[in-house]
Each structure stands twice: as C-alpha cells, then as structure tokens.
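> So the protein sequences, as listed, match chains H, L and Y.
If you use my numbering, the first sequence corresponds to residues 1 to 139, in order.
If you use my numbering, the second sequence corresponds to residues 1001 to 1625, in order.
If you use my numbering, the third sequence corresponds to residues 2001 to 2172, in order.
Keep in mind that the hints were calculated from the coordinates and are not lab data.
It cannot be assumed that every hint is accurate.
[Stated by the list, open to error] When the alpha-carbon atoms are kept at most 25 Å apart in a straight line, the in silico DSS-like pairs for lysine-lysine are as follows:
no.	chain 1	residue 1	chain 2	residue 2
1	L	Lys-1506	L	Lys-1526
2	H	Lys-29	L	Lys-1392
3	H	Lys-118	L	Lys-1506
4	H	Lys-81	Y	Lys-2127
5	Y	Lys-2150	H	Lys-81
6	H	Lys-71	L	Lys-1537
7	Y	Lys-2162	L	Lys-1141
8	Y	Lys-2023	L	Lys-1141
9	Y	Lys-2103	H	Lys-62
10	H	Lys-81	Y	Lys-2103
11	H	Lys-74	L	Lys-1506
12	H	Lys-71	L	Lys-1118
13	L	Lys-1392	H	Lys-71
14	Y	Lys-2153	H	Lys-81
15	H	Lys-81	H	Lys-45
16	H	Lys-62	H	Lys-7
17	Y	Lys-2169	L	Lys-1141
18	H	Lys-53	H	Lys-74
19	H	Lys-7	L	Lys-1333
20	L	Lys-1141	H	Lys-71
21	H	Lys-62	Y	Lys-2153
22	H	Lys-81	Y	Lys-2154
23	Y	Lys-2114	Y	Lys-2023
24	H	Lys-74	Y	Lys-2103
25	H	Lys-54	H	Lys-71
26	L	Lys-1532	Y	Lys-2110
27	L	Lys-1118	L	Lys-1392
28	L	Lys-1506	H	Lys-62
29	L	Lys-1392	H	Lys-54
30	L	Lys-1141	Y	Lys-2168
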Amino acid sequence: MYGRKVKFRFLFVLLILLTLFLSVFLILKSLEENVVYFQSPSEIKILSEIENKKIRVGGMVKINSIAMQAKEVKFIITDFKNEINVIYSGVVPNLFTEGKGVVAEGYLKDKNFFLATKILAKHDENYMPPEVKAALKEE
Amino acid sequence: MASLIGYYSLIFGFCFSFLIIFFSIKNFRDSNFFDSKLISLSFLQFFFVTISFLGLIISFVNSDFSNETVFNHSHTTKPLFYKISGTWGNHEGSLLLWLLVLTLFIFLFLLRSKNQTKQYRILTLLFQQIIIIGFFIFVIKTSSPFNFIFPIPNEGLGLNPILQDPALAIHPPILYLGYVGSSIIFSSTLAATSLNYISREWAHHIKQWVLISWVFLTIGILLGSIWAYYELGWGGFWFWDPVENVSLMPWLALTTLFHCILVLEKRLILTSWVVVLSIATFTLSMCGTFLVRSGILNSVHTFANDPERGLFILIFLFCLIFLSIFIFFFFHKVKTKNINSIFWFSKDASILINNWFMMYFLSVILIGTTYPIFLEVITSQKISVGPPFYNKLIVPFLIPFLLIMTIGPKLKWIKSDLKDKSYLILSLIFSLIFSILIIKNLNTSFLANTILITSAFYLFFSTLREFFKKRLLNLSQNIAHFGFSLLILSILFNNIFSTEIITNMKIGETFENKNFKINFVRVEKKDEQNFKSIIGKFNIENSNGNIEILRPELRIYNQPNIMTSEADIKTNLLNDQFMTMNLVQNQDYFNIRYQIKPFMVWIWLSVLLITFGALITLFRSKYEN
Amino acid sequence: MKIRIPFLFLTIFFLAIFLVFYKGLQNSNIYVPNNNIEKELPNFQAQLFDKDSEILLKDILKKDKFYLINIWASWCVPCREEHSFLIRLSNQKNIEIVGLNYKDNRQNAKNFLKELDNPYQIIISDKDGTNSIELGAYGVPESFLIYNQKIIKKIIGPLNNKLFIEIKKIIK
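Take these sequences, add in the hints, and give me the full structure.
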C-alpha cells in the first residue's frame, strides 16, 4: 500500500513537471516568433539588413504628408531627424491626424518604405505613444 | 460643500478601521461569542464611505469645479447620466468605488456568516480590514478625489467622449464587484487556513461568494467587450489588449477555483489547490489594478498614469503576496488521507485535468502580458505581444479541453465507468460529419478547423441531449457548459465566416465587388447637446438585389474636442452588419469599413447563458440553506 | 524544515518579480518630459501680430523674468482646451505669456481671442511656420517656459492641470 502511494505521488509530480516544461517551452517558443519590435525611423536608417519581420514604427505624422486615395493612405512618419514613407490600406483610427503621434505596424519594404498593416490609436486626446515619446527624447 | 463632507466622512471611515481592529482583537481574545458590535461598526464604516461617495456624486451633478476631480473629468454641457457615471469613470472616483464595495462586502459577509465560528469570522474581518486600510491610505494619500483647486475654474475639462456610453457607464462598477468579491474569498481563505478550518462546510459557505464574484466579473467583462465592439470601430470584441487580459486572468482563476471548490465540497481533497487559487484570484485582480493604473503597460486604454501610485499599489500588492505565502507555508496543514484516492477515470480527475488546462491558459496570458515589461527592464528593447501569440498557444489546447468537458460531467465522483458509451461515440461521429460539411467548401485550413469545430459540437450535442433527459440535478452545470460550447462555436464561426471591406470613398462614389455594391449617398449634419454629428448614408445592395441602408456616425465632441466614430450595426439572429466611417483631417475621402459578422449576438447570448447557469447554482444553494 | 525550501524559493521568486516591476516603474518615468533643458534660446526677427512691424525675440524677453512662449492657432483644437489654463496663468504675477500664432488666418485668430479672451502680453505671428522651427517646436500647441533667455521647460501638447501646477511651482 505504501509503495503504491509513493508511486502515485511520484507519477503525479512527474506529470506536473512534464506539463510545466512543455508549456514553458511552448510559450517561450511562440514568444520568439510573435513578438513585434518597435523602431523609430532613425533606427531603421541604420539597420544593416531588412528582415521580413513584422515591426512597429512610431513617430509623428509629418504635417501635410497625408495623401488619401481610394485604395490606400500614404503618409510620412518622422522623428524630426529621419522620416519614412508609409503606405497603408485599412482602417484609419479617429485620432490619426497630421502633427500627432502615430504607431504603424507592418513590414519594411526598404529603408524608406514601410507597408503598414495596422495603425494604432489610443482613445485619448493627448496621446503620444510612450515609444514615440522616448524616441523623440533621444534626439 | 458636498466634497468637503465627502472628504471628512472618508477620514471618518478610515478611523473606523482602527476601531474595528481594536474591538476584533479584544473580542478574539476575551469572549466566546461573536460581538455584534463589530457588525454595527462595519456598517458604520460602510455608511461613511457611502456618504463620501455620494458627496463626490453630488459634486459631479452640481458641476462643482472647485473639486479637482470634477474639474478634470466633467463639463456643464454633459448629460446628467454621464455626469453621474463620470464619478467612477476616472482614477480617483473609481478607487473610492473600490473602497465602497470593499466595505459593503465585508458587512454583508458578517451578516451572512452567522453559523460560522467566531474566530473565523473575526479573522476574516481582520484580513479584510488590512486590505481596506491599504485602500484608504491609497485613496487619501495618493489619489484623493476631493482635492480643492483655487481659483475656481468656470468650466471643466470634460469626460473623454469615448467613455460617454451606457455600457461603459455601468461596466466599471460591475467589474469592481467581481474584483472586490474576490477579496472576500482571499481574506476568508487566509482566515480558514490559519485556523485550519477548511472543511466541506466551509467550502459550501465560500462557494456562494465565489459564484457572486464570478457572475459580476463575467458580466463586467461582457459589457466591456460589447462596448469595445461597437465603440472602438475595429469590429472585434476581444483584442488581447493588456487591459482586457488583466480582467480575464482573475476570471480564469475564479472559474478554476469554483470547480475546485465543488470537488472540495464533495470530497475534501485539493485543499491546498483551493487555497492557492483563492490567493491567486485576488492577487491577480490587484495585479491588474497595478498594471493598468501605473502606466507600466503600454495599452490602447488609458487611465491616470502616475508612477507614484503605481509604486504604492506595487508595494501593497507584494505585502499581501508575502503575507499569504507566509500563512500558506506555516499554517496550512495538508490532510493527506485522501491524496491517493484520485482515480483517472472520475469526475474529480477530469476537473483536475481541466484545471491544469485553465492554469496553462492563465499563464500564457500572464506571460504574454508581462513579458514586455521584463524584456524592457532587462534589455531595454520595446516590444508588444499580439493576438497571434495568444491564438496559437490557446486555441489548439481548447480541443482536449472541450473533450474532457464533454466526458467529465458524465462520470461519477471518486471512481466510475463511463456510461452511455455508444451514445458518446455516436455523437462524436455525428459532430465530425457535421463539421466537415460546414468546413468543406471553405478555403481555410481544413484539418485544424474541423477538429476544433468537432470538439465544440461534441460538447454542444451532449449537453443538448442532457436537457431532454431532464436531469434537474445537473441543470445549472449543463446550462453553463452548453453556453460555453455555444460561445466557442459562435466565436469560431464568427472568425471563419466574417467578410470585411475597407476602402476610402468620397461622397457619391460606389464601391463594387462580386457580392455587393456599396453606395455612399450623402452625409447629414446634426447638432446635439454636447457634440456635433456627421451621419453618412450608405446603400448596400447584395447579390440578391436587397438594399440595406446603414448610417454610421462621426461625433465631434466640444469638450474635450475629440472625434469618435459610432458604428452602425444591423443585428439579426444570423449575422451583424457593421459599418464605421472616419474622416482624416483635410481630406475629402472618408475611410469606410464594412463587415458582415455572423453569429455576433450568439457570443453575447452564450455568455449570458453561462452566467444564468451560475445564477441557478447560487439560488439553489441559498434555497438549500 | 521541509517547508523552508519551497517557501524560500517562492519568496525569492516574488522578490525578483517585485524588483523587475519596480524597475519597470522607474523606466516609465523616462517618458515624462525632462525638466531641465537649459537650452540657449535662438534669436530671430519676428512679425508682430497687430502691427506691421518686426521685432527681435531677445528684445521681448527680458532677463530675470519668466515667460511662457505659447504656440497656438485658431484652427488648432487642443489650443481651445488649454486656453483656460493660459488665462489662469496670465493672472499670475511673475510670468508673462508670449503668443506665437502659427500658420493662421489673422481674422480667425482675432475672433478666437475675442471669443476666449486674450491671455497674451504680446503676440508674434508666424505665417510660414519658420519661427517655430527655429524654436525647435514639434507642433501646435506647444509651450516653452523661459527664464533668463533660456528654455527651462518644454511642453509638447496642451497644458493641463498638472502642468499648470508644475509651472506655478517653478515660477514661485
């Protein structure tokens, strides 16, 4: 009877450990794949190679740069040192205006062109994405 | 005036905490009976906090701009309803609401625990008072809602228009009832652990509190998600945004806790597990408050971001965590006599296995939410974790989860054989064929979707069958599980069958594809009390020639000056048609989004169904008392 | 003795998490604009708003006095919102507010001030936006707190109650 109890506990602990390792492994692995890094236009300018990975670019929408067409919106993100052209088709958030902060998520075509798949807005009138603030502060 | 009264009665309420602690310790040592003075004292504390809260509401209603909170969050042109809801629509007011619910719940707890022992009641009261004191200090010191400003401004700054919405006006109070309800579970579990009081009767008694907070939390999350659906204009109901995750985590812990308590009530096993889960539920609620309020997380929702406040909650949170770890390790005694009697083929085992799955979902969300913080501290890289991460890690594991959910309730406690074997296999085959028929003609990934839908249908059919067998004993559980299968099915169909068109249009233009034609007819302008609105008129003609008119709206609020889009949603039982429009400054194009989302209503209805199941259990256990 | 090991382990684990969160909180402080910029102010010719004459910026800003240069425009929505703070600030004794009217129509700007009151001691007009670039401004509204002809604080976006109190503290 005693042996059985020990055996049971042993199995139990083993099972817990196994599931624990498995889930940690899974989580870490998909974190690696699904994480989106944030970069400012200046950081993009000094990239050595263009990876085909989803990133976020943040900065200000340059004044007088928004051009809207039927299929897409083009605009320029600037961090006052460097700029990048963005092409986007999709939903434009309410607070997307010239001279305001913006974060665009998507893929780099080259160092000057960014294909956005999503534009992020925040429901706050004075919103400046923290990343943008930090990026702007670095100048 | 009102805010002055509010301030002083808040201080009064704070003093009562010390009175209560003093008398409870005295009572704990000196007498054998529970001193009913403690109940009156708790009531008085609740009363003073209520007065304080009413004071704040009155200041908001009267637009008393000498009060800083009112000045920052209200405006004279705001409708009365939103003046009132503005009271808890901000950081300071919402904390006062927390406090109000905390004091209310401990008062109710004392009233409703008459047949528990004296020591247990007093100890619960003491632990709860520790939490209450923490919140009192937090409110008074770092975020007093009654700060005075001089010179008195003539006009307030207004409430963020996006929050001026009926669903969001009642969403915070309900969510807090859920969060704070878990504080009662937390303190009573700590009390029961330190007294070694955990028993089947205790489980029965605490089950009600678990259910109450679970119901409120569920409805709170549901309201938030409905609001996000029609107000944020993305056409989705869940974005895996940190703020949403933060409310989902205590929900998962609470759901797990509820199922464990059922096992504990029946069999007196899993005691340590119950203790850990009770602690985790409240800790996760607090952790959510911390993550949201401190601005440490980068989310699309905003709240007052103030590192000082964050620091306070952080320290308080970890004091509670260390206190509970201490109590758990030094007072908790495991009753080992039953430990080896779990059989793999029993109800308890299936609950336990699904508990593991839920813990796994919980840790996925927890890690996904906090990982950016860790990475930034350690490597100072800024990242965000998006929906694909969660979908990939959670969705595949729903399959075994659903299967066990189907089979588990059919098993007996302790040890059993599977009854209805032939039926179970039959319905599995039936579900499989059914889902293959549905998925066949679509160009989505066939295998994954088929298996997923099969398992959801499996649960669906087997719970459906139970209804016809009229087993009243398990009615509430069956309703809840049936609701869950409906929820998963609706979400799946919603994802698979949604169609979406995003385009930019000028007035008068027509967009056409093979399924339908969208004609942008005109815009109308209207003036309302505190906003101007631009309403677009769109004719949508589908391939059968039916014309539907949709009128999405843009609102330009005057104070503060913000533009919001109001989606126009045409709902019927099968699908929702959803349209938003948006205008970019200085452009004559409107940004249009048109979506057909099948089974949207069923998502909301199924959550209500699950809640209904929980309510039945709650009333039944009351009736049995 | 047996319980000590998991107990210690858990305590250390949570302490580590506490530390990370604590550091994270410090990090989010980075986003708060820096208080001491202490940059030398550029000097430029500026067009006066109500007269057809030009003036040097350094002639407006005397030494040993606080000034707030506020960039505004009648078309700018958040400017309306911060206006009440500017009015309240103009009632303070030891600070003068200099308006910089950015890319604006003069008549609209006048109407704006008529409607909401004029907090500015002096207004310069920046028709083509070059002056604001020289100041290093990002957009409208934006304010610079000046002392001894040096920028001591730069405020991007509209003023709010918190900033208002902060400015009041600085000028005292």
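> The structure should be examined with respect to each hint, and the outcome stated for every one.
Each hint tested on the structure:
no. : hint                       : verdict
1   : L/Lys-1506 with L/Lys-1526 : 20 Å, holds
2   : H/Lys-29 with L/Lys-1392   : 11 Å, holds
3   : H/Lys-118 with L/Lys-1506  : 22 Å, holds
4   : H/Lys-81 with Y/Lys-2127   : 24 Å, holds
5   : Y/Lys-2150 with H/Lys-81   : 23 Å, holds
6   : H/Lys-71 with L/Lys-1537   : 20 Å, holds
7   : Y/Lys-2162 with L/Lys-1141 : 17 Å, holds
8   : Y/Lys-2023 with L/Lys-1141 : 23 Å, holds
9   : Y/Lys-2103 with H/Lys-62   : 15 Å, holds
10  : H/Lys-81 with Y/Lys-2103   : 22 Å, holds
11  : H/Lys-74 with L/Lys-1506   : 17 Å, holds
12  : H/Lys-71 with L/Lys-1118   : 71 Å, violated
13  : L/Lys-1392 with H/Lys-71   : 31 Å, violated
14  : Y/Lys-2153 with H/Lys-81   : 21 Å, holds
15  : H/Lys-81 with H/Lys-45     : 10 Å, holds
16  : H/Lys-62 with H/Lys-7      : 68 Å, violated
17  : Y/Lys-2169 with L/Lys-1141 : 20 Å, holds
18  : H/Lys-53 with H/Lys-74     : 21 Å, holds
19  : H/Lys-7 with L/Lys-1333    : 22 Å, holds
20  : L/Lys-1141 with H/Lys-71   : 53 Å, violated
21  : H/Lys-62 with Y/Lys-2153   : 24 Å, holds
22  : H/Lys-81 with Y/Lys-2154   : 18 Å, holds
23  : Y/Lys-2114 with Y/Lys-2023 : 49 Å, violated
24  : H/Lys-74 with Y/Lys-2103   : 23 Å, holds
25  : H/Lys-54 with H/Lys-71     : 22 Å, holds
26  : L/Lys-1532 with Y/Lys-2110 : 24 Å, holds
27  : L/Lys-1118 with L/Lys-1392 : 50 Å, violated
28  : L/Lys-1506 with H/Lys-62   : 23 Å, holds
29  : L/Lys-1392 with H/Lys-54   : 17 Å, holds
30  : L/Lys-1141 with Y/Lys-2168 : 22 Å, holds
Hint violations for this structure: numbers 12, 13, 16, 20, 23, 27, all remaining hints satisfied.
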